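Engineer: From first to last, the protein sequence lines are chains S and X. When you line the first sequence up against this note's numbering, it's residues 6 to 362, in that order. When you line the second sequence up against this note's numbering, it's residues 6 to 362, in that order.
It should be emphasised that the hints constitute simulated quantities derived from the structure, not laboratory data. It cannot be assumed that every hint is accurate.
Identical chains blur together in the list; that is why a pair holds if it fits in one copy or across any two.
Below 35 Å or equal to it, Euclidean Cα-Cα: the simulated DSBU-like pairs (lysine-lysine) are [to be verified]:
1) Lys262 with Lys317
2) Lys348 with Lys262
3) Lys290 with Lys348
4) Lys317 with Lys290
5) Lys262 with Lys183
6) Lys290 with Lys262
7) Lys290 with Lys183
8) Lys317 with Lys183
Computed from a predicted structure; not experimentally measured.
Protein chains: 2
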Amino acid sequence: MPEAPLDWAVVMAGGIGSRFWPASRRARPKQLLPLAGERSLLRSTVERIRELVPPERTLVVTSAALAEATRAELPELPPANVLAEPLGRNTAPCVGWAAAHVRRSDASARIMVLPADHHIGDEAAYREVLRRGLGACEGGALVTVGIEPTRPETGYGYIETGEAEAEGVHAVRRFVEKPNRRRAEQFLAAGGFLWNSGMFFFRADAILAAIEAHLPGLATGLAAFDEAAARGQESAAVEGGYADLPNVSLDHGIMEKAQDVRVVPGSFGWSDLGSWTTAWELADKDAEGNASASDALFVDAHGNYASAPAGKLVALVGVEGLVIVDTPDALLVVPRERAQEVKAVVSALAAQDDPRR
Amino acid sequence: MPEAPLDWAVVMAGGIGSRFWPASRRARPKQLLPLAGERSLLRSTVERIRELVPPERTLVVTSAALAEATRAELPELPPANVLAEPLGRNTAPCVGWAAAHVRRSDASARIMVLPADHHIGDEAAYREVLRRGLGACEGGALVTVGIEPTRPETGYGYIETGEAEAEGVHAVRRFVEKPNRRRAEQFLAAGGFLWNSGMFFFRADAILAAIEAHLPGLATGLAAFDEAAARGQESAAVEGGYADLPNVSLDHGIMEKAQDVRVVPGSFGWSDLGSWTTAWELADKDAEGNASASDALFVDAHGNYASAPAGKLVALVGVEGLVIVDTPDALLVVPRERAQEVKAVVSALAAQDDPRR
């Protein structure tokens, strides 16, 4: 891989992850938690790409509120590599700003954009897909990764593949919004539909050209940041100008409109870790289907997920399919299949300005 | 009530209450917990009889392990009024030893014997029954209180009433062991069957005479304690001799055998607080049937009981009929109707010598 030294990674780590309350909090969101292993999801993301991209060329975009915690979690990164958004404006400004950073070093550098809060089961297969994605964007294409679906999932967008452009690289026929159950089943039966993973590959100049073409307001804002950066005043420009950037996703704002868009199909034990339900699915379980991230005692209990601080005993008697997450100041009990609804708790706490949110 | 100054109370407070784990522990059993209100069950017991019997004539019998905590909970009692059993020998030795104490002051004093861990809903009605019980034992009878049943309960023994001896005082036809469901329903339909409450009234000399007649081994042991007490050495005698006392209940050992046994029917919102299920039944509940002894947030949750330390939030989403009891080092989740099974947790912890039992 002679071109490897020029590649960059952009890790999107601005999520608030309220679906993992009470483990996740405003000041300690999902990506900073060890939800599937011993290391935080963010650290896992950075470490598993290290053989492709070193820390010096890994940028992490997060919120200003989380910048300090993010730098502390990744001390091997130069502090300036953690870009702090004054407020969230969805993924197009996030990726655009990071690409502008990369362009200042090397306009033709290839960039891989990765969410900070996903789980990867097969890291070798994953890196193989990353290498393929980098190769596919070499000539200026915008490339995404599509996950081979294993169930009729209604929680993800889909990508319909077009004809093969190279080995393991397809044209994109179209992006499809989250389907209903019936359509999701049709997609699975038909084949040729992949889950939209939120991972991207492109050259810095290619994505910035696409932004200029399809999101001129964003291009103008990024040009102002570049200009301020040349004067050593980028922070002030970002602080003052970020709110004016268009609030739009990279998918909607660019990928669905651009011409040369490709998809690399992948199958590497991917999970977006969307809720406690997923945490249970990924966890080691006993013969009764119980998973515990702590000291637990199960008496005629089945299919439960229990997490509590070290030294604390969780005793479950005669209960089934529950998620129980205990922290020093808040405890959640919810059926596994309703774990998404924890967002209602966080909303209720926010409405009362409760600090435990 | 001219005779009131001579009355004594004996509060039986030796229970271990493992059914209230994790709130109850070896060192902090049920009677020391505020399970139905702000005060501990033990303190409530002593305070609600204060207008009948002052602290100086209230004896509390507990285990040696709990003597210090019991004295701390009831600082208004003379420390010597807390009698510490070196080991539990059921209720006959407990009551006999306390009666021997009373006899040293006044052989003809009337004694009311009360469990420390019951809940009383209507305290005025309760005290009326206590006054009636004291009156009924005046002439030497052994008197018990029978609760008017409100459901076909299979968890209690029953007392079948005989003819009326005075207003609100009946002869006892027989004591009945815990019935099966069918018999309990027959009792309820037939009338004349009362729940055996474990409360008793008798003169000190009367119960000690009955012990001499029906449990001579206990009488011999108590005589040895009296003799040692006269020499100021009762503690050593109890320490050395308690294990030799017969391990039998007052019901089986005395009440079922004695001649002049009476029962005072009562109806005063009585509950033996047998499990977390009962705690939920007695607690104030919201419109959805949820009760919480702490800061709680219920989202589409019904009929739950939640208890946690101060400052901790319990969030229940989409769950029904659960008991959730959180403490700093242990958390219990169990369906309300299976709350009795928490004993299995305590047994498992004891088998592993886990200090959290």
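Engineer: Are there hints from earlier that the structure breaks, and if so, what are their numbers?
Structural biologist: 1, 6 and 8
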